[in-house]
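Quick note, the sequences are listed as chains A and B, same order. First residue of the first sequence? That's 45 in this note's numbering, and the numbers climb one at a time after it. First residue of the second sequence? That's 1046 in this note's numbering, and the numbers climb one at a time after it.
Careful, some of the hints might be misleading.
To be verified - Okay, the calculated bits of chain A under chain B, using three or more residues with CB under 8 Å as the criterion: (1) 187–196; (2) 226–239; (3) 285–291; (4) 317–329; (5) 345–359; (6) 371–377; (7) 383–389.
Calculated from the structure, these hints are not laboratory results. Beta carbons are placed, not taken as given, at the ideal position from N, Cα and C, and that holds for glycine.
If you want the building blocks of each chain, they are given just below.
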Amino acid sequence: MLTFDRTDHSLFGRWWWTVDRWMLGALGVLIGYGTVLIMAASPAVAERIGLDTYHFVERHVINLIPALIVMIAVSLLTPRGIRRMALVVFLVSLALVAATMVIGVEIKGARRWIHVPGMSIQPSEFVKPAFAVVAGWLFSLQRTSPGFPGNLVSILLYGFVAAALLMQPDLGMAFVVSAVWFTQFFLAGLNVALVGVLGVLGVCGLVAAYFAFPHVTSRIDRFLDPSHGDTYQVTRSLEAFSNGGLFGTGPGQGTVKMSLPDAHADFIFAVAGEELGLLWCLVLIALFAFIVLRGFSRAFKDTNLFVVLAVGGLLAQFALQALINMGSSLHLMPTKGMTLPFVSYGGSSLIALGFGMGMVLALTRKRFGQGDQT
Amino acid sequence: MTGRGTDEIVADLGSQSRRGGAVLEHGGMTRPTAPLRDVVGHALEQAHNRLMVTAAVLSLAFGVIAIRVADVTLLGPNVDTHAALAAAGTPQGGRADIIDRNGALLATSLATASLYADPKLIIDPKAATRKLVKALPELNHDEVLAKLSSEKRFVWLKRNLTPRQHYAVHVLGLPGLFFQNEERRFYPSGSLTSHVVGFTGVDNNGLAGLEQSFDKKLKASSTPLQTSIDLRLQHILRREVQAQVDEFKGIGAAGLIYDVNTGEVLAMVSLPDFDPHEPAGLDKDTLFNRVTLGVYEMGSTFKIFNSAMSLDTGRIRLSDAFDATHAIHVGRFTISDYHGKNRWLTVPEIFMYSSNIGSVRMALQIGTATQKQFMAKMGFLQPVPVEIPEAAWPLVPHPWRDINTMTIAFGHGISVSALHLVVASASVLNGGIMVKPTLLKRQPGVPIQGERVVSERTSEQMRKLFRLVVTDGTAKFADVPGYLVGGKTGTADKQRGRHYAQNARLSSFIGAFPMNAPRYIVFVMVDEPKPSAATHGYATGGWVAAPAVGRLVRQIGPLLGVEPVDENRPEIRQAMAIEHLNRGPALAAYQPDARQE
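Chain A on its own, in the form it takes in the complex:
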């Protein structure tokens, strides 16, 4: 293992002694956990759709390398560096999201991807963490710099982002971005009455989505009334959990992956439930909770409002994505195509995750009296 002397003042030396090594470790464990599950779940899926047995395993590992590099590299930055980079990434990726309307590739009825040689990229994945940081920054400006209309600018940007995502349409992403933005607004001191108003608006937005998008209507109907239509995936998923029981059938021994088309992505939690059992599922949940709460506790000690808001937003996003994925598998909410962070096979979205968590790591580094510099 790499070790650094306390007195090592090189870039990595300082990084090692200031970064939240607990969170780093938890992320490492999560990535390992995910790799094991991908190895168990994806061969069945790959063979079913005619790919090489280990296609998804290979792609996952290949994507993990740049994701880890991005995560570590980003975590080396100072809060100021993060702010600048997030702004650039936000603007570029928002432009790319807009560009998907023109040059995007339509997959399953939505234009979300841009093909570049070697891979297809979903720019909205990068908008998500970058916007959390930018919004955190704007909200903090509102409070710390009287006269600067941070909230207003934030609201305008949110409007742009939400509109762009709804046009793709990518309702799940729009929902997560909205919830995170709202959480940040709340953290930034939005008065309680307005919290209520925005909450109501959010519910209205969901109801509107129910009526506006037929696939949303169908999914929600199927959730509320399982006899209403095809609930094949969720039924299989619940069967898998029940099949797994306390200790699971053993890694690789499950059968749900044979019949679930998304066993390596949206329903990987069901594979975990079947093959690893309740105890390991609880470990997984605990890992997610640990990362989120650990980050929150670091933010709680931090005195930089921007850091508090940005970290709060990024971690809320991370938590929400995990909760929605697991909740869908457990029939606690309508199925929504959302990956389990670092665990699901996700291709290029892994890099976006690395980018987001890299920013969390960077912002939660210990800064000794110089919140600005380190």
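Using the hints, position chain B against chain A.
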């Protein structure tokens, strides 16, 4: 601070304020304005507080997920898993048995194993094929090799192995071969009841006969379906009908044994029949049910209904006579008699000699409207209401003109199924009650629903006419001492296209016994019998079908518990006696006016 953008300055005010505070302790440096520091401090405190709230909410959400996982993994979802189904004791044997009226198995389900392969897991297709073909010699080597070498993940190799075959493949120990537990429908009596019971497809869905019409019920319950069929009678009937087909080189045949009082079909044979285990690839003719699905112009047997109708109206009596001296010419048709007597005939004589001319004259006297109404009562205008899906619509004239009335009198111009004919005859013989036919055993004690179609008196007269045909008429070969067999022959020319064929006919005999109190109808019909030397060139119902019915009654009478009677006992003689059968010489001088009296 110079050189930094304003935005960064303001953004960092939060930390600066803290720094300001720290600086303040050391004293001396400029400090931010107090109100701004307070505002920032307040904002930070609020953010921290609300961070706690957010953390609490997220923790709660993770807790809910954890509880839900425990709930789902340990208590199981509310879906019926296979394990749950098995635990609930749902019948695993699946499809219920079909049995005959005495409990003999007609159809049952056996648990079998079917062999399939995942070619991807086969290590050496050539070696595997060699071993497999050695274990199951009926498999084709090249086909198996092609299957095992394919890129598919699933190929059937053989469905429904016997336990011995299952074992033989199992001990090969080849990876990539798997067994699927299945159930297979098995018919212990093979082709004997094929047209009644029908068959199922490879996935155990009923595709014909009772298997089809009771598909849902058979799948849902494990109680056997008890049919009205008596396997012993079925066997005898098939043997005798087959004997006639062989002797007269018929292309097919139909046979029925029917309880006239309960409407139960005790035996039903349609030839050719088939092996219900292998129905695939059979031609339509083999699968064709000649008893219920085939409709035919029945010919002279229809004189049963012509006579019953005439007598039941009360406008024609047994003693009435009709002019059968000359053929009747209607347009381009000529109606003549086969066994022509060329004289006036009484109603019983018309029946026993099967006079077409006499029958037409009777029908004309009754009229078209009454005839149509009567045929409807006999059930000839609707499919016969039996429980198998192979029930045909009759072919009836539309419009029903007087010429149709004339031809229908002797069984042409209307096509019905054999079961139609038997069910209607039963209602004429059983005292006049039309009972719905059934292929299911009637439960004792359950009253049988029926509807009166002719009077008891008519029924009694018809019994005498039936008996007369066997004692003195066209069906002497059907007689069996002591069983008082009665009946009516039928020989109908078959239509070929738009004309009647010269040498293609349906020869049938509908018999019933004992005629003093009829209990059973025995019906035999041979499709396109060829005359033989033994029958002196005849291939009529009396020669082809009546002897078979005689033999049948002789065999099934004792089985059915019908006691033979002494036919010379006075009360029997009286019951069968017809007063004005033959008026002898008087008939020659018979005047039409005489019947007006």
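Taking the hints in turn, this is what the structure says about them:
no.	hint	result
1	187–196	holds (count 5)
2	226–239	holds (count 5)
3	285–291	holds (count 6)
4	317–329	holds (count 6)
5	345–359	holds (count 7)
6	371–377	holds (count 4)
7	383–389	violated (count 0)
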